[in-house]
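Q: Okay, here's what each chain looks like letter by letter:
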Amino acid sequence: MTRPLAILGSALLLLLGAANLARADEPTAPAVEPTSAPAPVKAPEPVKPREPVKPPEAAKVPEPVKVVLPAQVRGMGRPAVRPNRALGAFAAALLFLPRKMVELIFLASGTAAGLVRDQQVVPRVEELFSPSSGEITIFPTLFLASRQRPSAGVRVLGRLDPFAASLAFGIGGLNDINSEARLRYAVSKPLPIAVDVEGLYDIRSGLQYLGLGQRPDRDCRNNFVGLGTDAECDGKSLVRTARTEPAALYLERRARGIVSLGVRPGENFELFVSSSFLRSAVEDSPDAGTVALSRVFQPGSVLGSSGSTHQFYTEIALRYDTRLTSGRPSSGGLLEGYTGLARGTGDDNLGYFRVGGRAALFIPVLRKSNILSPQITLDGLAPALDSRVPFTNLISQPEFRGFDTRRDYFSAMATIDYRWSLMRYLAARIFLDAAAVASSPAHIFDAPPRIATGFGIDLFGESALLGQLAFSFSADGVRLLLSFGLPPGFGDRQHRY
Amino acid sequence: MRSRIRTAVLLALVASPFACSYRPALFAAAPPVVLVSDTDPIPVPDKLDPLKEVYYTDAYVRRPLVLALDPEIPMDAGDVNALDEVPRSSWFDPPDARPDGPPVLPLTPIGAAESGQPGLAVSDARGLLYELRRDDKERPELISASAAVASRLLAALGYRTPEVHVVTIAATDLKEGATKLAAEAMTDLLREGSPPKGDRYRVRATRWPIGIDLGPTPVAGIHPGDPNDRVPHAERRTLRALGLALYWMGLRRLKPYALRDVYVGEPGKGHLLHYLVAVDDAFGAEAVGREAQARLGGEGKYLDENALTALVTLGLRRRTAPPVQTRWLALGEFEPTADPETFDTSPPYEPMDRLLPADAYWMGKRLAAVPAETITAALAAAHFSDPTARARVAEVLEARRLRAIAWAFAQVTPAEVERVEPGHLTLRDQANGRKIPGLEADRYAVTFLDDNGTRVAPPLLVKPPDTAVTIPLPRGAPDYLVVRAQAIRGSGRAPRPIEIHLFKNRVGVRVVGVVH
Numbered sequence: 299m300t301r302p303l304a305i306l307g308s309a310l311l312l313l314l315g316a317a318n319l320a321r322a323d324e325p326t327a328p329a330v331e332p333t334s335a336p337a338p339v340k341a342p343e344p345v346k347p348r349e350p351v352k353p354p355e356a357a358k359v360p361e362p363v364k365v366v367l368p369a370q371v372r373g374m375g376r377p378a379v380r381p382n383r384a385l386g387a388f389a390a391a392l393l394f395l396p397r398k399m400v401e402l403i404f405l406a407s408g409t410a411a412g413l414v415r416d417q418q419v420v421p422r423v424e425e426l427f428s429p430s431s432g433e434i435t436i437f438p439t440l441f442l443a444s445r446q447r448p449s450a451g452v453r454v455l456g457r458l459d460p461f462a463a464s465l466a467f468g469i470g471g472l473n474d475i476n477s478e479a480r481l482r483y484a485v486s487k488p489l490p491i492a493v494d495v496e497g498l499y500d501i502r503s504g505l506q507y508l509g510l511g512q513r514p515d516r517d518c519r520n521n522f523v524g525l526g527t528d529a530e531c532d533g534k535s536l537v538r539t540a541r542t543e544p545a546a547l548y549l550e551r552r553a554r555g556i557v558s559l560g561v562r563p564g565e566n567f568e569l570f571v572s573s574s575f576l577r578s579a580v581e582d583s584p585d586a587g588t589v590a591l592s593r594v595f596q597p598g599s600v601l602g603s604s605g606s607t608h609q610f611y612t613e614i615a616l617r618y619d620t621r622l623t624s625g626r627p628s629s630g631g632l633l634e635g636y637t638g639l640a641r642g643t644g645d646d647n648l649g650y651f652r653v654g655g656r657a658a659l660f661i662p663v664l665r666k667s668n669i670l671s672p673q674i675t676l677d678g679l680a681p682a683l684d685s686r687v688p689f690t691n692l693i694s695q696p697e698f699r700g701f702d703t704r705r706d707y708f709s710a711m712a713t714i715d716y717r718w719s720l721m722r723y724l725a726a727r728i729f730l731d732a733a734a735v736a737s738s739p740a741h742i743f744d745a746p747p748r749i750a751t752g753f754g755i756d757l758f759g760e761s762a763l764l765g766q767l768a769f770s771f772s773a774d775g776v777r778l779l780l781s782f783g784l785p786p787g788f789g790d791r792q793h794r795y
Numbered sequence: 060m061r062s063r064i065r066t067a068v069l070l071a072l073v074a075s076p077f078a079c080s081y082r083p084a085l086f087a088a089a090p091p092v093v094l095v096s097d098t099d100p101i102p103v104p105d106k107l108d109p110l111k112e113v114y115y116t117d118a119y120v121r122r123p124l125v126l127a128l129d130p131e132i133p134m135d136a137g138d139v140n141a142l143d144e145v146p147r148s149s150w151f152d153p154p155d156a157r158p159d160g161p162p163v164l165p166l167t168p169i170g171a172a173e174s175g176q177p178g179l180a181v182s183d184a185r186g187l188l189y190e191l192r193r194d195d196k197e198r199p200e201l202i203s204a205s206a207a208v209a210s211r212l213l214a215a216l217g218y219r220t221p222e223v224h225v226v227t228i229a230a231t232d233l234k235e236g237a238t239k240l241a242a243e244a245m246t247d248l249l250r251e252g253s254p255p256k257g258d259r260y261r262v263r264a265t266r267w268p269i270g271i272d273l274g275p276t277p278v279a280g281i282h283p284g285d286p287n288d289r290v291p292h293a294e295r296r297t298l299r300a301l302g303l304a305l306y307w308m309g310l311r312r313l314k315p316y317a318l319r320d321v322y323v324g325e326p327g328k329g330h331l332l333h334y335l336v337a338v339d340d341a342f343g344a345e346a347v348g349r350e351a352q353a354r355l356g357g358e359g360k361y362l363d364e365n366a367l368t369a370l371v372t373l374g375l376r377r378r379t380a381p382p383v384q385t386r387w388l389a390l391g392e393f394e395p396t397a398d399p400e401t402f403d404t405s406p407p408y409e410p411m412d413r414l415l416p417a418d419a420y421w422m423g424k425r426l427a428a429v430p431a432e433t434i435t436a437a438l439a440a441a442h443f444s445d446p447t448a449r450a451r452v453a454e455v456l457e458a459r460r461l462r463a464i465a466w467a468f469a470q471v472t473p474a475e476v477e478r479v480e481p482g483h484l485t486l487r488d489q490a491n492g493r494k495i496p497g498l499e500a501d502r503y504a505v506t507f508l509d510d511n512g513t514r515v516a517p518p519l520l521v522k523p524p525d526t527a528v529t530i531p532l533p534r535g536a537p538d539y540l541v542v543r544a545q546a547i548r549g550s551g552r553a554p555r556p557i558e559i560h561l562f563k564n565r566v567g568v569r570v571v572g573v574v575h
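Protein sequences, first through last, are from chains L and D. Numbering-wise (the working numbering), the first sequence opens with residue 299 and increments by one. Numbering-wise (the working numbering), the second sequence opens with residue 60 and increments by one.
The shape of chain L in the complex, shown without the other chains (with noise of 0.2 Å):
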């Protein structure tokens, strides 16, 4: 019964349809006749006399006219309907998530560019009158990228002077998920200045750990567990024969707390004063079986690999960048210092200084808007006095566009990047990465670097990266980067450990 029921009720609209349109869609006049004259003309009798109509009348408006509204401008007291509109409207109905989700992306830059952006930054003067105090957006967030959790979300700004606020929201799956808070206060006088108060939970399993070192396989500081008695590294040998041991896969949990205080001296000088909380605690990946962390290394070996630490982590960080805007490609140069120093909470002994820097050239060649950009990154830690220092503190290399895998003391990395315009806020890149991690400065050359190379496009506003596709490569593999809105592993220091 139902099966004629629905297609009965399917024809009828649809010869409903075909008798309006056979009716008068769009009336359209008698053909003419290119050989025949026109006749005279007549007045036509009428074919179908109705009822008179009385539209609405004159007593509508209100006396004495004061008309504003466009309804009242225009005297309508009923718009038009267009079957060529319903048509339009109906594909733009199918089509309203995508455009809204782009709409929303591009609306919630300007905000991001000085709220979230992948450095900690103290806006310029003109960034924090955007988006208009009042204002709310909501966007989305997508990140891609090999090796890693795919993760979806959503993102809302809203501002109201002088503060800001953000709040997140990421999954990536049951063990995968991340909740961020951000409230910032930032006024332009006397001096620009932004204080921030974050507050982040996040969980991430899947983490890949290989061990200390540039080689890590080698390396005899760590204690693999199917290598049994490590005869090789007895005594003051440092490196073992080449092996081939598995990435140990650990999940990782933290809260975290960061209050930061950003000032603007000068219009290319900035100084950042932040300190954090941090609650991390660390187990096997659910399902990492004979890969998980307590399978790979002997127990007790890696420091911080089982329970939670807490710590506190302040830091003191200046910067120098006279680019116009890190958004398009743009020609100047930036220096950056910072020092910091972890202490551990109640009974635990951790404790490390972290110190580092990196200096950078954007040199244009040939057109303002083709930069060739040679960075060097430096970044060392040391423990303080007798504490330990958890694994997921060391020093890795977030900003290898490769994959990031290896921990240690100390890590150089350089960089050469060409990066040029396509066309208006579209840019292409190409990259070469060299890495490499020490126990200290004295052995960063004892094994080679690490190298990646690869390509990209950008999408970029005056004053923020809006996505990119880049792919690297380098001898791990092929590392493919998808991101769209801002991913959720951006970040200074304070953000990435």
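Hint data in this document are derived by calculation from the structure and do not stem from the laboratory. If you're wondering where the values come from, they're calculated on a predicted model, not measured in any experiment. Hints should not be assumed to be uniformly reliable.
What the hints assert, rightly or not - Straight-line alpha carbon distances no greater than 20 Å define the calculated EDC-like cross-link-like pairs of lysine to aspartate or glutamate that follow:
#1 L:K398 with D:E131
#2 L:K398 with D:E409
#3 L:K666 with D:E350
#4 L:K398 with D:D129
#5 D:K196 with D:D247
With chain L held as given, fit chain D onto it using these hints.
A: Just chain D now, kept in the frame of chain L:
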């Protein structure tokens, strides 16, 4: 079974947009509105200061993407009356305002120009504010002459533009700057620009601001602090059709601060007026310097390079740009043969992207209505030193005006209601009246509908003897009659008919609505 139901539901959904027919609008039997009351007293709104980087990103990246994903035809203009005309408002068709005239000496420097344009803000002997700007060294007279002419032509079309005067001043006409910033701005004004003649500097003096400058007019929505502002700006005909006016005068650069809102009156008792302020780049001034920009890596449509070429060549290929004429230094790239259809501004302006045929036709009528004397007077105000430059501008302006009118009239059936009498409706064909080649109608196809879209009389073919098109009205027609008349030209039918809504009562028949 379920799949059949799903199929039926899907079919019904797909068919639903088609299941409606054309039904004309229903106009109120009221006189057309000729004045919009959008000047009620309001508190002074906050000054808007949008981030220009966000503006450009929006104009060049977001909007093209969003428009590509939006096949819906834009809404009809929201600032037109029942007769399809734009009534007087805070946006358009200002009453005859008595100009303040050129600044009266001496001038007191105040600081940098508030409108966002380069230049010096000064107060004259009467306390009125002006902004002074000099011409570029390489193109003496271009900025001042183009601004003087463009402001007058835009005013003749009905737009609010500040007065612009070309004047000469000596350094001694400027008092000492009261502040350090004012002194610096004054030094910059005198140092940069085309060389003086004797001790006299040629400057353009723009009467701005005339009240409290509240920053750029929002591009698409409404002003958040102005309760009088009821029509989203992207739906304003005056802004949608602005591109055709700018094409006429060769003003392609439309910076984010070009349109500005100003609060006039005492705080709390005043209201907003909406001005087009930045008109310095008329006569194709935007093209000047593009060769240098191309070498340095500038971006723009004039460059002979596309994204694929740039990708393959790593952006290292030498880019060039066609040279700009130097025969007349008071003009940039201002050619009579430019095509109005492909004209666009830099950066793109959202309301113009939503131009509908009726909006273009309205601007075509406005262009056609500008008297020759107005153009002559505007050219005289430019004070060209080279009479051939003035003649060239006049020649190009007229050629472009005709092109713009022809293009605008081609979008619709370009007819206006001349009169309605018992038994007859007379239209006047604007293209026939101007004898525009290719647009002259030799017949009109006419249909008669009631308010519900049902035909109430057989269709007609009417042959206009000249410009007048007399349409006999059917006897016994309903009180509310919709007459749709479509011009037939040698090249075929006009793209859309004119629709005239007639209402009959005891007094007689009258026109209550027009749709182009």
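Q: Going through the earlier hints one by one, which of them does the structure break, listed in rising order?
A: none
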